[in-house]
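Novice: Okay, here's what each chain looks like letter by letter:
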Amino acid sequence: MSYPSDLKYTKEHEWIKANGATATIGITHYAQASLGDIVFVDLPKIGTEISVGKAFGSVESVKAVSDLFAPASGQITEVNGELATAPEKINQDAHESWMVKITLKDPGELNALLSAADYEKFVAEEAGNAVF
Amino acid sequence: MSAVEATPAVRKTALNAVHRQMGGRMVEFNGWDMPVEYPSVGGIIAEHNAVRNGVGIFDVSHMGDIRFQGPQALAAVQHISMNDASRLAIGQAQYSAMLYPQGTFVDDVIVHRLGEDDYLLVINAGTREKDFKWVRENTGQFNCHVEHLSDDFTQIAIQGPKGVNVLQKLTDADLSAVKFYWLTHGTVCGLKNILIARTGYTAEDGFEIYVPTDESTSAMVWNKVLEAGKEFGALPCGLGARNTLRLEGRLALYGHEISDTINVWEAGLDRFIKMDKPEFMGREALEKAKAAGLRRTLVGLEMVERGIARDGYKVLADGGREIGYVTSGSYAPFLKKNIALAYVPPELANVGSVVKVEIRGQGVKAQVVPTPFYKRPKRA
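Protein chains in written order, with the working numbering: chain A, 1 to 132; chain B, 1001 to 1380.
Keep in mind the hints are simulated off the structure, nothing from the lab.
Please note that the accuracy of each hint is not assured.
Claimed, not checked - EDC-like mimics (lysine to aspartate or glutamate), calculated; alpha carbons at most 16 Å apart, straight line:
#1 B:Lys-1337 x A:Glu-88
#2 B:Lys-1337 x B:Glu-1302
#3 B:Lys-1288 x B:Glu-1302
#4 B:Lys-1375 x B:Asp-1205
#5 A:Lys-45 x A:Glu-96
#6 B:Lys-1336 x A:Glu-88
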């Protein structure tokens, strides 16, 4: 799997794509593969403030519940409503199936995140230690 | 999403290497290293629906087995189990349970009558040692030989409406003559005298076969069953699908719907207990419990609002008061609904009652629905 180089990544397996003062957020291919069949996504309402490193929602597979952690702080401007009825889209293409869009509070926060190459290295190590 | 570290104490079935080769995602379950799903065949939902629509193959070798043989084998089984084993013909099986004197569960079991004075109890993986110790301590007064055979079988479950077609290709036994919850012996994959039981834990028709436990024989049988199942869309299935299948069928799981603190009446397993049996462990307490009335009862819930109830979540009255808890909850892959089993007070157990499940601090509406959630269609 190649990780798009125009995205930034967290060690909790979210991606964020900045476009000026706004950004789009989702979970990574590695995250969806680890979770398995995704059957439910719980996302905040438009207008909600989210804070970097804090949980802002959750994603559930048949087996597991996993928190979503904000890669950056900001205010929700858009929510991908399609995922309420078709959460399996995340399994099909995690990097296209965005979850929320935000206005960034501090675009500088993104500098602390992983590049595609670093994230790829990170998940290779994590997968290497995993039982599966 | 952190990986679980494997510890040396984790046990493996004879098919462990096969699961890994097939890309099974391995997890620790009750001390066993088992596949939870096979992403390479599509994962839990695909596996679940293969069993509902065709056939799925499970390694259930982690299950335990205790054999009773001798002149008083029946008396011993009767003493420690709540169903009436005297009603079993040779070749017949029944769902039952072993109870503590207070009427709560040591474990649920399937009792198989193999011969005149010969019974096999199939028990849960997580309770193997506890169960065997319990049986030994409570059957010493009977003239029968009790043997722990848990490590002597590789147990493979072939489940789903096409299970009979798959297994019939591999055995000389006439499976059409074996009714549900009956068993026979036959040659399977060239192995003589294999125990074939028409049992399972999926709320479908299906079989469980007990083959020698060495790795090469186990792998040979597993591969032949999968190969024979190809034309019926057979998939290997992990513990994830096993759990969602049994949940749709309202089949109890030890540690969830039944435990050492839950009694038979609460669990709603009345039809598997025979109070007309003069004596068995737990009987007296259950008689008293029946007279005292139920404090809680197991119900099926279907989520009305968005959310998935998970094991251990609180159940709240519509007003917000805590009234019970979820024993098992999941997205149901065949029914495509979010369902759960939960303990609630009897006054809120009627079908149609509205309750709430606390999900991440929020009360999410759910409704009591009839169970089983799924019942297999009658087939010609």
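Novice: Any hints this thing doesn't respect? Which numbers, in order?
Specialist: Those not satisfied are hints 3 and 5.
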